[in-house]
Amino acid sequence: MDRLIALLQGQEADFEIIRHERSFHTAKEGAEALGIGLGQTAPSLIVKTETGFCAVMLSGASGRLDMKRLQPILGVQQVKLASPSEVEELTGSKPGDVGLIQPGLPTVVDKALLRYPYIFGGTGIPDTTLKIRPEDAVRLNRVVGYLEE
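Take the sequence shown: its letters are residues 0 to 148, numbered as in numbering that gives the first Met the number 0.
These are computed hints drawn from the structure, not numbers from a lab. Glycine included, C-beta positions come from ideal geometry on N, C-alpha and C. Any given hint could be a false lead.
Claimed, not checked - Quick list of in silico lysine-lysine cross-link-like pairs, DSS-like style, CA-CA up to 27 Å:
#1 Lys79 <-> Lys27
#2 Lys110 <-> Lys47
#3 Lys47 <-> Lys27
#4 Lys110 <-> Lys79
#5 Lys27 <-> Lys110
As the list claims (entries may be wrong) - Derived DEER-like restraints, expressed as beta-carbon distance ranges:
#6 Arg63 <-> Arg114: 17 to 23 Å
#7 Glu87 <-> Arg141: 19 to 25 Å
#8 Lys110 <-> Glu15: 22 to 28 Å
#9 Lys93 <-> Ala32: 17 to 23 Å
#10 Pro71 <-> Glu15: 34 to 40 Å
#11 Gln77 <-> His24: 26 to 32 Å
#12 Met0 <-> His24: 35 to 41 Å
Construct all of the structure, not just a fragment, from the sequences and the given hints.
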């Protein structure tokens, strides 16, 4: 968490770390607990392609991620969710706790997130949420493409 905070402060991001008493298992659960719109939730998913791994910053309102939508964006033939062990090895976090900021990974951003003043996603640590301006989240990740609304 200290590295994340140092990165965010060093890059002058507009953010807040929110601590809560329990983990959220769905975007809807997180939205209700935080009192925000479902679209503001930004779960981070890690996907695997034939060329490597990629992070996907998805709006909670988008529902299930259609892997076929990622193929042309990433220029690959196959996309699947990374296994829990791959996610943990790559990010240091369990699925569901993956941090919104993954500067070491190519990232695809759901454009729906850009219409909100703040989005809410993982920090990499259970029972915490990162509140950040979407522009800062985009700037701090290695964005390689966008999911259109």
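(request) Kindly confirm whether 34 to 40 Å is satisfied by the beta carbon distance between Pro71 and Glu15. (result) holds, 35 Å
(request) Take a look at whether the Cβ-Cβ distance between Glu87 and Arg141 falls inside 19 to 25 Å. (result) holds, 20 Å
(message) Would the hint linking Lys110 and Lys47 be met if the CA-CA limit is 27 Å?
(response) Given that 27 Å is the threshold and the Cα spacing comes to 21 Å, the pair holds.
(message) 17 to 23 Å was suggested as the range; check whether the CB atoms of Lys93 and Ala32 agree with it.
(response) Cβ of Lys93 to Cβ of Ala32: about 19 Å, so the range 17 to 23 Å holds.
(message) For the hint 17 to 23 Å, verify it against the beta carbon of Arg63 and that of Arg114.
(response) Holds - the Cβ-Cβ distance for Arg63 and Arg114, about 20 Å, lies within 17 to 23 Å.
(message) With the threshold set at 27 Å, check whether the alpha-carbon distance from Lys27 to Lys110 stays at or below it.
(response) holds, 19 Å
(message) Need the status of pair Lys79, Lys27: alpha-carbon distance at most 27 Å?
(response) holds, 23 Å
(message) Taking 22 to 28 Å as the stated bounds, is the beta-carbon spacing between Lys110 and Glu15 within them?
(response) holds, 23 Å
(request) Please work out if Lys110 and Lys79 have their alpha carbons no farther apart than 27 Å. (result) Answer holds: Lys110 to Lys79 is near 21 Å, not above 27 Å.
(message) A range of 35 to 41 Å was offered for this pair. Does it hold for the Cβ distance of Met0 and His24?
(response) Violated, at about 21 Å.
(request) Check the following: the C-beta atoms of Gln77 and His24 are separated by a distance inside 26 to 32 Å. (result) Because 27 Å falls inside the window, the suggested range holds.
(message) So if I understand the rule, the pair passes when the alpha-carbon distance is 27 Å or less; does Lys47 with Lys27 pass?
(response) At roughly 25 Å apart (the allowed maximum being 27 Å), Lys27 and Lys47 satisfy the hint.
Consistency note: the structure conflicts with earlier hint 12 alone.
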